[in-house]
Amino acid sequence: MSSDVQPKDVGSGPTHQPYARDLAVGDELPAAVRNASRTQLFLYSAATWNPHRIHYDVDYARFEGHPDVIVHGPLQGAWLTQYVTDWMGPRGRLVHAGWQNRASGLPEQDLTFRGRITAIDRGQVTLEVWEEAPDGRVLMPGRAVVELPVHPS
Amino acid sequence: MSDLVPPEARALVGKELSAPVTAVITAKESQRYAQAVGDLNPLYFDEAYAQEAGYRTITCPPTFLDHVVVEGRPLGDLREDGLFRQPDGPSLGLRRVMFGGQEWDWLAPVHVGDTITATKRLGAIDEKSGGKGPFVLVTWETTFTNQEGDVVARSRLQGISR
Chain S
1 MSSDVQPKDV
11 GSGPTHQPYA
21 RDLAVGDELP
31 AAVRNASRTQ
41 LFLYSAATWN
51 PHRIHYDVDY
61 ARFEGHPDVI
71 VHGPLQGAWL
81 TQYVTDWMGP
91 RGRLVHAGWQ
101 NRASGLPEQD
111 LTFRGRITAI
121 DRGQVTLEVW
131 EEAPDGRVLM
141 PGRAVVELPV
151 HPS
Chain H
154 MSDLVPPEAR
164 ALVGKELSAP
174 VTAVITAKES
184 QRYAQAVGDL
194 NPLYFDEAYA
204 QEAGYRTITC
214 PPTFLDHVVV
224 EGRPLGDLRE
234 DGLFRQPDGP
244 SLGLRRVMFG
254 GQEWDWLAPV
264 HVGDTITATK
274 RLGAIDEKSG
284 GKGPFVLVTW
294 ETTFTNQEGD
304 VVARSRLQGI
314 SR
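Chains S and H supply the protein sequences, listed in that same order.
Using the numbering used here, you'd call the opening residue of the first sequence number 1 and step up by one each time.
Using the numbering used here, you'd call the opening residue of the second sequence number 154 and step up by one each time.
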């Protein structure tokens, strides 16, 4: 990508290969911002054969008590997973990810993904990762474990 | 003991409520999913890149395993909220369903062209109380195996019904 501005409907993709020997507990991952259009929500519903009306029918979503249509929980989970796979580089291997959808994300809203390293055991790196709403509330806390090459070989 | 969870539903905990589902991971479906997520990682699109990274061929987004085994259903099976009726699922009589979270363990590489079989059991039904009143947490445990019989992933998915 030639521009410094990251489009928010697509993640960065892997940009480099981190090595475990260069990392330390407490290191923070660069934040990533995602912002879903209503069209993206529709396309995700279609690609996953998910007809749940709370993701495309505003009137029905409000009937269920939501302020607007809401971003699919599994889509936010896929973004959290992608946040980790983008960071871990092509030779990283994702072995675990878990998250809790505590509150809903909305379309046309900047949703920020952050993470930090909580443990390193040779090539196995444990991360605390989470998604924040524009006001800083944590919408989705999570954890991931990746296997990284220890050093270039 | 519980207002929201009838004993018939509780009796289903630990059981497989539907037959295992088998599906082949195709590049088209995997890549449509990746594009809808906004995940254009070359590992999912570029064979040479994937091989350079140690894969046999292109792989798929880790979370796609859940979706490749979703089977088509006729429109007549739709409920008012747009979800499909689950003839084999626990009947809770609750209207609003939300996704609550998920935990994944990935145990072996997955490639486009693999045949994946998902075996799902009802892991737990727990009644909880929250700020918006009582709700029921339903946990589904799924094991994904490939054509060699290797377990490639396990998932624990939580749905919220209220």
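Derived by calculation from the structure, the hints in this document are not laboratory data.
We put the beta carbon where it would ideally sit given N, CA and C, even for glycine.
Check before you lean on any hint, since a few could be wrong.
Quick list of the computed label-pair ranges, beta carbon to beta carbon [what the hints assert, rightly or not]:
{"id": "1", "chain 1": "S", "residue 1": "SER37", "chain 2": "H", "residue 2": "LEU157", "range": "29 to 39 angstroms"}
{"id": "2", "chain 1": "S", "residue 1": "ALA103", "chain 2": "H", "residue 2": "VAL223", "range": "41 to 51 angstroms"}
{"id": "3", "chain 1": "S", "residue 1": "ARG21", "chain 2": "H", "residue 2": "LEU157", "range": "43 to 53 angstroms"}
{"id": "4", "chain 1": "H", "residue 1": "SER244", "chain 2": "S", "residue 2": "GLN109", "range": "30 to 40 angstroms"}
{"id": "5", "chain 1": "H", "residue 1": "GLY167", "chain 2": "S", "residue 2": "PRO152", "range": "41 to 51 angstroms"}
{"id": "6", "chain 1": "H", "residue 1": "GLN239", "chain 2": "S", "residue 2": "PHE42", "range": "21 to 31 angstroms"}
{"id": "7", "chain 1": "H", "residue 1": "GLN239", "chain 2": "S", "residue 2": "THR112", "range": "30 to 40 angstroms"}
{"id": "8", "chain 1": "H", "residue 1": "GLY167", "chain 2": "S", "residue 2": "ALA46", "range": "13 to 23 angstroms"}
{"id": "9", "chain 1": "S", "residue 1": "PRO152", "chain 2": "H", "residue 2": "ARG249", "range": "48 to 58 angstroms"}
{"id": "10", "chain 1": "S", "residue 1": "GLU108", "chain 2": "H", "residue 2": "ARG226", "range": "26 to 36 angstroms"}
{"id": "11", "chain 1": "H", "residue 1": "GLU169", "chain 2": "S", "residue 2": "ARG38", "range": "50 to 60 angstroms"}
{"id": "12", "chain 1": "H", "residue 1": "LYS168", "chain 2": "S", "residue 2": "SER153", "range": "21 to 31 angstroms"}
Simulated coverage check for chain H against chain S, where a stretch passes if three residues somewhere in it have a Cβ under 8 angstroms from a Cβ of chain S [stated by the list, open to error]:
{"id": "13", "region": "190-197"}
{"id": "14", "region": "213-225"}
A few chain H residues that face chain S, going by a derived Cβ cut-off under 8 angstroms, partial list only [stated by the list, open to error]:
{"id": "15", "residue": "GLU200"}
{"id": "16", "residue": "GLY207"}
{"id": "17", "residue": "PHE252"}
Do the hints match the structure? See the list:
1. S:SER37 / H:LEU157: 29 to 39 angstroms: holds (36 angstroms)
2. S:ALA103 / H:VAL223: 41 to 51 angstroms: violated (26 angstroms)
3. S:ARG21 / H:LEU157: 43 to 53 angstroms: Given a distance of about 52 angstroms, which is inside 43 to 53 angstroms, the answer is holds.
4. H:SER244 / S:GLN109: 30 to 40 angstroms: holds (35 angstroms)
5. H:GLY167 / S:PRO152: 41 to 51 angstroms: holds (48 angstroms)
6. H:GLN239 / S:PHE42: 21 to 31 angstroms: holds (23 angstroms)
7. H:GLN239 / S:THR112: 30 to 40 angstroms: holds (35 angstroms)
8. H:GLY167 / S:ALA46: 13 to 23 angstroms: With a Cβ separation near 34 angstroms, GLY167 of chain H and ALA46 of chain S fall outside 13 to 23 angstroms, so the hint is violated.
9. S:PRO152 / H:ARG249: 48 to 58 angstroms: Check passed, 51 angstroms falls within 48 to 58 angstroms.
10. S:GLU108 / H:ARG226: 26 to 36 angstroms: holds (30 angstroms)
11. H:GLU169 / S:ARG38: 50 to 60 angstroms: About 37 angstroms separates the Cβ atoms of GLU169 of chain H and ARG38 of chain S, which means 50 to 60 angstroms is violated.
12. H:LYS168 / S:SER153: 21 to 31 angstroms: This hint is violated: roughly 47 angstroms between Cβ atoms.
13. 190-197: holds (count 7)
14. 213-225: holds (count 7)
15. GLU200: Hint violated; GLU200 of chain H Cβ to chain S Cβ min 13 angstroms, cut 8 angstroms.
16. GLY207: holds (7 angstroms)
17. PHE252: Holds, about 3 angstroms.
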